[in-house]
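K.L.:
Model the placement of chain C on the given structure of chain V, informed by the hints.
Residue-level listing of the chains:
Protein chains: 2
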Amino acid sequence: MRIAIDAMGGDFGPQPIVEGVVKALEEKDFTAYLVGDEKQIKPLIPNKLLDKVRFINSEDFIRMDESATEALKRKESTIYKSIELLRNKEVDAVVSAGHSGATMSLATLRIGRIKGIRRPAIITFMPTIKKQYAFLLDAGANVDCDAHNLYQFGLMGEVYAKVVLNKDDVKLGLLSNGEEESKGNTVTKEAFGMLKESFPNFVGNVEGGDIFKGEVDVIITDGFIGNIVLKTSEGAADVISKLIKEEIKNSGLLQKIGALLLKPVFKGLKKAIDYAEYGGAPLLGINGCVIIAHGKSNSKAIKNAIFQAIRYVENDVTNRIKESLKVH
Amino acid sequence: MRIAIDAMGGDFGPQPIVEGVVKALEEKDFTAYLVGDEKQIKPLIPNKLLDKVRFINSEDFIRMDESATEALKRKESTIYKSIELLRNKEVDAVVSAGHSGATMSLATLRIGRIKGIRRPAIITFMPTIKKQYAFLLDAGANVDCDAHNLYQFGLMGEVYAKVVLNKDDVKLGLLSNGEEESKGNTVTKEAFGMLKESFPNFVGNVEGGDIFKGEVDVIITDGFIGNIVLKTSEGAADVISKLIKEEIKNSGLLQKIGALLLKPVFKGLKKAIDYAEYGGAPLLGINGCVIIAHGKSNSKAIKNAIFQAIRYVENDVTNRIKESLKVH
Numbered sequence: 201m202r203i204a205i206d207a208m209g210g211d212f213g214p215q216p217i218v219e220g221v222v223k224a225l226e227e228k229d230f231t232a233y234l235v236g237d238e239k240q241i242k243p244l245i246p247n248k249l250l251d252k253v254r255f256i257n258s259e260d261f262i263r264m265d266e267s268a269t270e271a272l273k274r275k276e277s278t279i280y281k282s283i284e285l286l287r288n289k290e291v292d293a294v295v296s297a298g299h300s301g302a303t304m305s306l307a308t309l310r311i312g313r314i315k316g317i318r319r320p321a322i323i324t325f326m327p328t329i330k331k332q333y334a335f336l337l338d339a340g341a342n343v344d345c346d347a348h349n350l351y352q353f354g355l356m357g358e359v360y361a362k363v364v365l366n367k368d369d370v371k372l373g374l375l376s377n378g379e380e381e382s383k384g385n386t387v388t389k390e391a392f393g394m395l396k397e398s399f400p401n402f403v404g405n406v407e408g409g410d411i412f413k414g415e416v417d418v419i420i421t422d423g424f425i426g427n428i429v430l431k432t433s434e435g436a437a438d439v440i441s442k443l444i445k446e447e448i449k450n451s452g453l454l455q456k457i458g459a460l461l462l463k464p465v466f467k468g469l470k471k472a473i474d475y476a477e478y479g480g481a482p483l484l485g486i487n488g489c490v491i492i493a494h495g496k497s498n499s500k501a502i503k504n505a506i507f508q509a510i511r512y513v514e515n516d517v518t519n520r521i522k523e524s525l526k527v528h
Numbered sequence: 201m202r203i204a205i206d207a208m209g210g211d212f213g214p215q216p217i218v219e220g221v222v223k224a225l226e227e228k229d230f231t232a233y234l235v236g237d238e239k240q241i242k243p244l245i246p247n248k249l250l251d252k253v254r255f256i257n258s259e260d261f262i263r264m265d266e267s268a269t270e271a272l273k274r275k276e277s278t279i280y281k282s283i284e285l286l287r288n289k290e291v292d293a294v295v296s297a298g299h300s301g302a303t304m305s306l307a308t309l310r311i312g313r314i315k316g317i318r319r320p321a322i323i324t325f326m327p328t329i330k331k332q333y334a335f336l337l338d339a340g341a342n343v344d345c346d347a348h349n350l351y352q353f354g355l356m357g358e359v360y361a362k363v364v365l366n367k368d369d370v371k372l373g374l375l376s377n378g379e380e381e382s383k384g385n386t387v388t389k390e391a392f393g394m395l396k397e398s399f400p401n402f403v404g405n406v407e408g409g410d411i412f413k414g415e416v417d418v419i420i421t422d423g424f425i426g427n428i429v430l431k432t433s434e435g436a437a438d439v440i441s442k443l444i445k446e447e448i449k450n451s452g453l454l455q456k457i458g459a460l461l462l463k464p465v466f467k468g469l470k471k472a473i474d475y476a477e478y479g480g481a482p483l484l485g486i487n488g489c490v491i492i493a494h495g496k497s498n499s500k501a502i503k504n505a506i507f508q509a510i511r512y513v514e515n516d517v518t519n520r521i522k523e524s525l526k527v528h
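Going down the list, the sequences are from chains V and C. Quick note on numbering: the first sequence equals residues 201 to 528 in this note's numbering. Quick note on numbering: the second sequence equals residues 201 to 528 in this note's numbering.
It is possible that part of the hints are untrue.
Note: identical chains are not told apart, hence a pair may lie in one copy or across any two.
[To be verified] Pairs of lysine-lysine residues, derived as DSS-like cross-links and limited to a Cα-Cα distance of at most 27 Å, are as follows:
(1) 470 <-> 442
(2) 383 <-> 275
(3) 449 <-> 330
(4) 275 <-> 242
(5) 467 <-> 223
Hints listed in this document are in silico derivations from the structure and should not be mistaken for laboratory results. Quick caveat: nothing in here was measured; it's all calculated off a predicted structure.
Isolated chain V, as found in the complex (with noise of 0.2 Å):
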């Protein structure tokens, strides 16, 4: 399998996403097309791994605050080179941390849509108390769908949450203020007829505190709700763990013996809830495996979003896509 993986669009610059390459090669086979300034990455690279790699010379990126049409101009830009090389069947995946919205405008202008697939949607892992993923989608691709958009984020999402969860029987939920079948706005209760037409597996709306629960798989709704979701979520978890650490800070020496003995805990925790144990989010709708990675990647998220590129096209992910539009 041949990897593309944009070097150089990372908020940290080469170094974390060639770290994480470097562990994905030592753990998996796979040739890695490094697209990036080579004077820069070819000296991270141990020797003995270098026939494993292809280096595509490229010294020019989109900056994280440049405009995303940028991308669709400055064909010698890394994340361009990528998508290029996914087109061209070059490569079968591209890994990208830099800028989201480039990467994902250039694989739908460049690769191209699956027939069918009006938008394409971004897929997100999240965390859930039985420690099983859950998928949401869409997690920020299309600020306004409607109600045949979030249908088919539901078909999207059951065929890659079979994937990654390895199983047959997949739950679908679709993201409401309320359980009830009359809850939810005019777009939500549109899809909700379609969707509970079409799939035996549909269980109605579920609620925002569903999401955590593990007892759906699929979490639907737009690319707008879908990252104001992540990010709250997100935020969440974070102003808890600040919580903690201020009333640790500010309590008696017993509390912070406590606070010692408990580490492990907190690290476990830590595991339970960090995006870098999954790595990154496939655009899926699209003609061939593109998985965008945090900004923030360290290198074991981008080992891990390689990972999914590789289970994605093992399990050939487009082309079950294709198969179950023909059926919904």
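P.N.:
Below, chain C alone, put in the same frame as chain V:
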């Protein structure tokens, strides 16, 4: 001050509600109009407080699983009678832990909206890292909102935040999928322009994680998203606390001792994110004070909901909204 309390509609019957009223009467001077089954309620009031309580007998109340439209027909129900007391100016405020849809419908239809306000909104308190509440509205009154609705939520939120935070310089933010002005969906982009033009203290778009940072006082969104954000935050806090408990259960003796020593810390955290600390959410935009408390309210939540009603009335929030409408 006279406050009507629906003593029957909560999830746990009259006991926690009446206990909350007793706690409130012990701390503040007001007259409680308890609407409910006098036989059940009266024995719960200590004799020394009886002269501060009026009993409005009613045995009918709207169950949580009944339709909100029921509320308009059942004129003998506790919530109907409570709202009528306010409508007839026999009380200054209503506190209800009952069916929130029924409470909202009756408040809007029987008491009426403030002239010029198109949609009343529920404003709720969000904990922040700065240990000062932020406010989010609409928390669930309106599922489909246009830009003007969001604009008016900003207006009402500003008035209420000024009163509760006791400062003039409150900051307004519009919940969106990114901080840049270019982010948002069709409705929020239009609302952005209206808010920017009219409120010098509008800071622009805020993200889900910004809710808890305490740098913005009022977060504006529609009631569909508001409800989802609220339940997502509660769900995230809940899953974290369960994961910590799980980790502790599966850990060694030292960790269990650590957990014991840290009990005061977890207690402090619980207090920081416990809705019982503020107790209820006002329905802003109607011609009077109606506080919607959680169906699962304990006595502390009811006490604090009553204190909110007192603060609302003492600060003349309804008229302040009318004043603000003249300049916005």
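K.L.:
When the hints from earlier in the document are held up against this structure, which numbers fail?
P.N.:
Violated hints: none at all, because every hint is consistent with the structure.
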